[in-house]
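Participant: Just need the whole structure built from these sequences, with the hints factored in.
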Amino acid sequence: MMDCRQFREIADLYLDRELAPESQVAADHHLRDCPQCAGVVSHLTGMRTRLREHVRAQPVPPDLEARARLRIEPPARWFSVPAWAAAAAVLLVVGAASWMTLAGPAGARNSIARALETVSLRIGLPSEAVTLEATVLCRDCELEKRYGVRQMCETIGHHGALVTADGRIWNIVQQPESAALIEDQRMLGQKVRVHGVLYREAASVAVSSYEVLGQKAASASAQLGERVFAP
Amino acid sequence: MRARRQFEQLALPHLPALYRVARQTGGLQAADDLVQETILRAWTYFDSFAPGTNCRAWLFRILHNVWISQWRKSRLEFPIGDSEPAGFEPYYDWEPEFLDEQLSADMQSALDQLPAPYRWAVLLVDVEELTYQEAATIMECPLGTVMSRVNRGRRLLAQGLRPAGTAGRAPQVAKVRHR
Chain A
0 MMDCRQFREI ADLYLDRELA PESQVAADHH LRDCPQCAGV VSHLTGMRTR LREHVRAQPV
60 PPDLEARARL RIEPPARWFS VPAWAAAAAV LLVVGAASWM TLAGPAGARN SIARALETVS
120 LRIGLPSEAV TLEATVLCRD CELEKRYGVR QMCETIGHHG ALVTADGRIW NIVQQPESAA
180 LIEDQRMLGQ KVRVHGVLYR EAASVAVSSY EVLGQKAASA SAQLGERVFA P
Chain B
0 MRARRQFEQL ALPHLPALYR VARQTGGLQA ADDLVQETIL RAWTYFDSFA PGTNCRAWLF
60 RILHNVWISQ WRKSRLEFPI GDSEPAGFEP YYDWEPEFLD EQLSADMQSA LDQLPAPYRW
120 AVLLVDVEEL TYQEAATIME CPLGTVMSRV NRGRRLLAQG LRPAGTAGRA PQVAKVRHR
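If you read the sequences in order, they're chains A and B.
Mapping of the first sequence onto numbering that gives the first Met the number 0: position 171 corresponds to residue 170, and the numbering continues sequentially without gaps.
Mapping of the second sequence onto numbering that gives the first Met the number 0: position 177 corresponds to residue 176, and the numbering continues sequentially without gaps.
Note that these hints are calculated values from the structure, not bench results.
These numbers were taken from a predicted model, which means no experiment stands behind them.
Using N, Cα and C, we set each Cβ at its ideal position, and we do this for glycine too.
Mixed in with the good hints there might be a few duds.
[As the list claims (entries may be wrong)] Covered stretches of chain A (chain B as the covering partner; in silico rule of three or more C-beta atoms under 8 Å from a C-beta of chain B):
no., segment
1, 5 to 16
2, 58 to 66
[As the list claims (entries may be wrong)] Derived DEER-like restraints, expressed as beta-carbon distance ranges:
no., chain 1, residue 1, chain 2, residue 2, range
3, B, Gln-112, A, Asp-165, 53 to 59 Å
4, A, Glu-21, B, Ser-108, 37 to 43 Å
5, B, Asp-46, A, Arg-167, 18 to 24 Å
6, A, Glu-182, B, Pro-12, 39 to 45 Å
7, A, Asp-2, B, Pro-12, 40 to 46 Å
Facilitator: Structure below.
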């Protein structure tokens, strides 16, 4: 049995439905027989109704949502491609993705990767012959870690990319010479020295040859290779 | 691109509610900035939001943090602190004579008089209908603190809403009949 004193102590909780079920029942019982406590509840609910009506009636600027949308910048681009190249790449990706879905997810992803590489190579972005040292890591796993982009590696396998000491991810251009770097799961975590052509703005490297250096890194992301060497 | 669309669908419907609270806690001039900053931060940290969890509470928490940052810039004292009295006051003193009075005074000026912690609590729980637990997460305080802030906020609001001329007279602390 709940008495007035007890009720007055839990009146807020009662109003906010924060009471345990047994207490709720006891409070309901008390209120049925006690007009004074019922008056307290009625006073509180009346005040709350007025408060809600008052606050909710206040106008919200009509362009609030439009301006909020402007604030939301696109997410960081995977490759540091200039805006016009990125737009072209998006068109190609949309095209590639739509007809490649028949080939299954692996086919679609490879095709998208190829499309992006094709764009950057075709539009003749600056390139430089390089020798660089890096760690082979899965591109999609890294992107998930950094940007929350959901990866499909469990289904379609990891996709190797090169991560240099500065933390940048370099996409590996699909070629027979680099197939193992991309596809061979045993390469993940390996430190390598790579010779090839770097497309800096497309964040890609076309590998012509490579050597595996030392032992497989215990924690791949903790042991990144040395600086990129330019000739 | 997909994440942006997802964010827009999840977060933007809560804009009016965020604005309402921002206006009452930060004032009309600052409300817009508070909301825009909240949205920007929410978008920046969207990958830390677990899908399927309570987006509204998450956004209000960000708004509360933004509000505190803005407050800190403009004033020296911390808006919510040790000066807050502990515990809550049961409604022993709400006798019928007090309850019979009409709450006729202006709601906005009564709200304006509420100190910030109580105003936040009343806005989150009474207006936005958040649970005590959600309010505790938003205000980053214990559950008991939410309860006492809600209680004090309501008591002060009721006091502030009493007709002009009676505001100075506190309700008589009478003996409550035991049943």
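Participant: Confirm or reject each hint.
Facilitator: Consistency of the hints with the structure:
1. Residue count for the segment 5 to 16 of chain A with a Cβ under 8 Å from a Cβ of chain B: 6. That meets the three needed, and the coverage hint holds.
2. Proximity of the segment 58 to 66 of chain A to chain B, defined as three or more residues with a beta carbon under 8 Å from a beta carbon of that chain, is established by the 5 residues found.
3. Between B/Gln-112 and A/Asp-165 the Cβ separation comes to about 56 Å, which falls inside the hinted range of 53 to 59 Å.
4. Checked against the given bound of 37 to 43 Å, the beta carbons of A/Glu-21 and B/Ser-108, roughly 41 Å apart, stay inside it.
5. Between B/Asp-46 and A/Arg-167 the C-beta distance comes to about 19 Å, which sits within the given range of 18 to 24 Å.
6. Range check, A/Glu-182 to B/Pro-12: about 44 Å between beta-carbon atoms, so the 39 to 45 Å window is met.
7. Separation of A/Asp-2 from B/Pro-12 is about 44 Å and conforms to the stated range, judged on CB atoms against 40 to 46 Å.
Hint check: no violations occur; every hint is consistent with the structure.
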